[in-house]
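Asks: What follows is each chain in one-letter form.
Number of protein chains: 2
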Amino acid sequence: MLKLKEIQTLLEGEFSEIKFPISPEKLYQPIKYAVNNGGKRIRPALTLLAAELFTDEYKKALPQAIGLELFHNFTLLHDDIMDNAEVRRNQPTVHKKWNENIAILSGDAMLIEAYKYISNADPSLMPETLKVFNQTAIEVCEGQQYDMDFESRMDVSEKEYLQMIKLKTAVLLAASLKIGAIVGGADALSQKILYDFGIKIGLGFQLKDDFLDTFGNPEVFGKNIGGDIVSNKKTFLLIKALETSNENKKRELQQLLAEPNIDKKIEGIKNIYIDLGVDEAATNMMGEYYTQATNMLNELSVENQKKEELYNLAKKLIQRDK
Amino acid sequence: MLKLKEIQTLLEGEFSEIKFPISPEKLYQPIKYAVNNGGKRIRPALTLLAAELFTDEYKKALPQAIGLELFHNFTLLHDDIMDNAEVRRNQPTVHKKWNENIAILSGDAMLIEAYKYISNADPSLMPETLKVFNQTAIEVCEGQQYDMDFESRMDVSEKEYLQMIKLKTAVLLAASLKIGAIVGGADALSQKILYDFGIKIGLGFQLKDDFLDTFGNPEVFGKNIGGDIVSNKKTFLLIKALETSNENKKRELQQLLAEPNIDKKIEGIKNIYIDLGVDEAATNMMGEYYTQATNMLNELSVENQKKEELYNLAKKLIQRDK
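Top line first, the protein sequences correspond to chains A and B. Each residue of the first sequence is one higher than the one before, starting from 1 at the first, in the numbering used here. Each residue of the second sequence is one higher than the one before, starting from 1 at the first, in the numbering used here.
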């Protein structure tokens, strides 16, 4: 059975070997740069792990695995423009290293390249594969739009938040698994179980992201702690805090959201989160998603030994420290 | 035999009936707005006309026709951001009416919607259709990048210019015809002839665009005359003028390119074009592409009567006044 590490090594080799045209340089250099940015390759790994549950020829799913990672990198590239992010993985973002126009256009080209890989499937599998991918791709755009909409709203409910992260993050993990399953020859029920499993780990993964941004260990996490707090991002923690606080606490929280001193703001809001127990609520919720995910995987009619690495990965994504 | 007008009416009906989701509003409203912008629907018309050469069931090609127009509108939407254009067809551009982030994201979603329609083909035709579309879509991005590269260059050759407009404009007209032919059941040779015909009318069409921007009748053309001159755009006219002028004329031209008085600049450069005969050179070249296009269509093994509307359209695209 393949280990995640082996798959990541295999994928790194594949990504470094993609031959993009040389010219026009300003279209293809940013794509190369964005693709070889040292990501963890979670989505293509899920595709290959899912394919391997049903076939030894899991490498048949490599084009789709690569296409899904290209798509993910395309979304990061365009999201970074929209968020005006300067740095990604300790390197300047594409629109900062080049410029915004180049980032828009090379992102577009990356999305098209993603489709090239995704549609490089056995013709008998193309309709199903593309149907899943088309639907997922549009949902990811919807998720990003909701996320932007939430910036100017103070009344986002927990339900709306969960729907947003489902669209923005979870459906792509789910589709990566489902497409791997399709190419691997899985039956419809197994495809569905893996998709649903992907939704659960995706939700847990994103909650963990929110959690670590506030409660992570700065030495391990690798990013600055408190970025979400500084930018008043509508995370699970903030939404839950606004929902569960009484009049006094809410007033205190509102004041801190407007606090110009960053350190004071982070410290103050973090303390309110702890007072209200929203850190615990988030941890419980992640645990709940993790349990639901593993329960789903239990139901999959595949030998347990084969599923081991997916269990590991679910654990890793939700219980990670960085 | 279908007339272009009937096809345009049919297409308008189709576009106005597309049901995009209601929410998130800021994702789908701009798409609706961009799609129903009163374009001439040239590309989807070419798809249906090409399909009808080979089958009475030309409506089978409607999804692809719609997808190609969605793709075209996506390119306009993102190009308008890159060019910082304020108006398109007398209406504010999407990034001006909403904002840049919304324009980036709704453009992305439009590209994905285009793929949804394109891939809605008989499974036996999907591989071929997607291969043509994927290749074309990436070429259009390449053309746009070359066009942007040319902005900061004064040494663009005629050959480079023609290659750029081939990528940016002609290949999409060509692919629209070819995909219509594929869905219509055409043999490989007919597909190729129609593709090549599309390249020729595309080149002629773009040259005409350049020509009208400088020499069009302001009352008929509908856009301001001289926009390309004001922005020092590397059109066929400017490139040819720089190539064919002697030392003195070139100096005069260079001075005018830096002239701050817009009216003086337009008038002066226009006069140089006429002195050097680049207006005539452009007209001759359009005539040449038109002849090559009709010669190609002559070779297509389809009754002449059926081809009539394509002959008309070629003439219209290259000999239009607006």
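It should be emphasised that the hints constitute simulated quantities derived from the structure, not laboratory data. Fair warning: there could be bad hints in the mix.
Same chains, same label: a pair holds when it works inside one copy or across any pair of copies.
Said to hold, decoys possible - With a straight-line Cα cutoff of 30 angstroms, these simulated DSSO-like cross-link-like pairs (lysine-lysine) come out:
1) Lys-192 x Lys-250
2) Lys-322 x Lys-131
3) Lys-240 x Lys-315
4) Lys-233 x Lys-97
5) Lys-116 x Lys-60
6) Lys-265 x Lys-159
7) Lys-166 x Lys-19
8) Lys-307 x Lys-240
9) Lys-223 x Lys-264
10) Lys-3 x Lys-306
11) Lys-40 x Lys-250
12) Lys-32 x Lys-116
13) Lys-166 x Lys-116
14) Lys-116 x Lys-249
15) Lys-270 x Lys-307
From a predicted model like this one, the values you see are computed outputs, not experimental measurements.
Asks: Decide, hint by hint, whether the structure agrees.
Replies: Results for each hint:
Taking the closest pair of Cα atoms, Lys-192 and Lys-250 never come within 30 angstroms of each other, the shortest separation being 42 angstroms inside a single copy and 68 angstroms across copies. Neither within a single protomer nor between protomers do Lys-322 and Lys-131 lie at most 30 angstroms apart by alpha-carbon distance, with minima of 33 angstroms and 40 angstroms respectively. Taking the shortest alpha-carbon separations for Lys-240 and Lys-315, only the intra-copy value of 24 angstroms comes in at or below 30 angstroms, while the best inter-copy value is 65 angstroms. Taking identical chains as interchangeable, the C-alpha atoms of Lys-233 and Lys-97 lie at most 30 angstroms apart whether they share a chain (26 angstroms) or sit on different chains (26 angstroms).
When the C-alpha separation of Lys-116 and Lys-60 is checked against a cutoff of 30 angstroms, the pair qualifies both within a copy, at 15 angstroms, and between copies, at 24 angstroms. Proximity of Lys-265 and Lys-159 under a CA criterion of 30 angstroms is satisfied intra-copy only: 26 angstroms inside one chain copy versus 60 angstroms between copies. Proximity of Lys-166 to Lys-19 under the C-alpha cut-off of 30 angstroms is restricted to the inter-copy arrangement: shortest distance 23 angstroms between copies versus 33 angstroms within a copy. Taking CA atoms no more than 30 angstroms apart as the test, Lys-307 paired with Lys-240 passes in neither setting, with 34 angstroms inside one copy and 66 angstroms between copies.
Taking the shortest Cα distances, Lys-223 and Lys-264 sit within 30 angstroms of each other inside one copy (19 angstroms), while across copies they are farther apart (56 angstroms). Proximity of Lys-3 and Lys-306 under a CA criterion of 30 angstroms is satisfied intra-copy only: 10 angstroms inside one chain copy versus 60 angstroms between copies. In the homo-oligomer, the alpha carbons of Lys-40 and Lys-250 never lie at most 30 angstroms apart, since the shortest distance is 38 angstroms inside one protomer and 55 angstroms across protomers. For the identical chains of this complex, Lys-32 and Lys-116 are neighbours both inside a copy (16 angstroms) and across copies (27 angstroms), given an alpha-carbon limit of 30 angstroms.
For a Cα distance limit of 30 angstroms, the shortest separation of Lys-166 from Lys-116 qualifies both inside one copy, at 26 angstroms, and across copies, at 21 angstroms. Taking identical chains as interchangeable, the C-alpha atoms of Lys-116 and Lys-249 are never at most 30 angstroms apart, the minima being 52 angstroms within one chain and 48 angstroms between chains. Taking CA atoms no more than 30 angstroms apart as the test, Lys-270 paired with Lys-307 passes in neither setting, with 38 angstroms inside one copy and 72 angstroms between copies.
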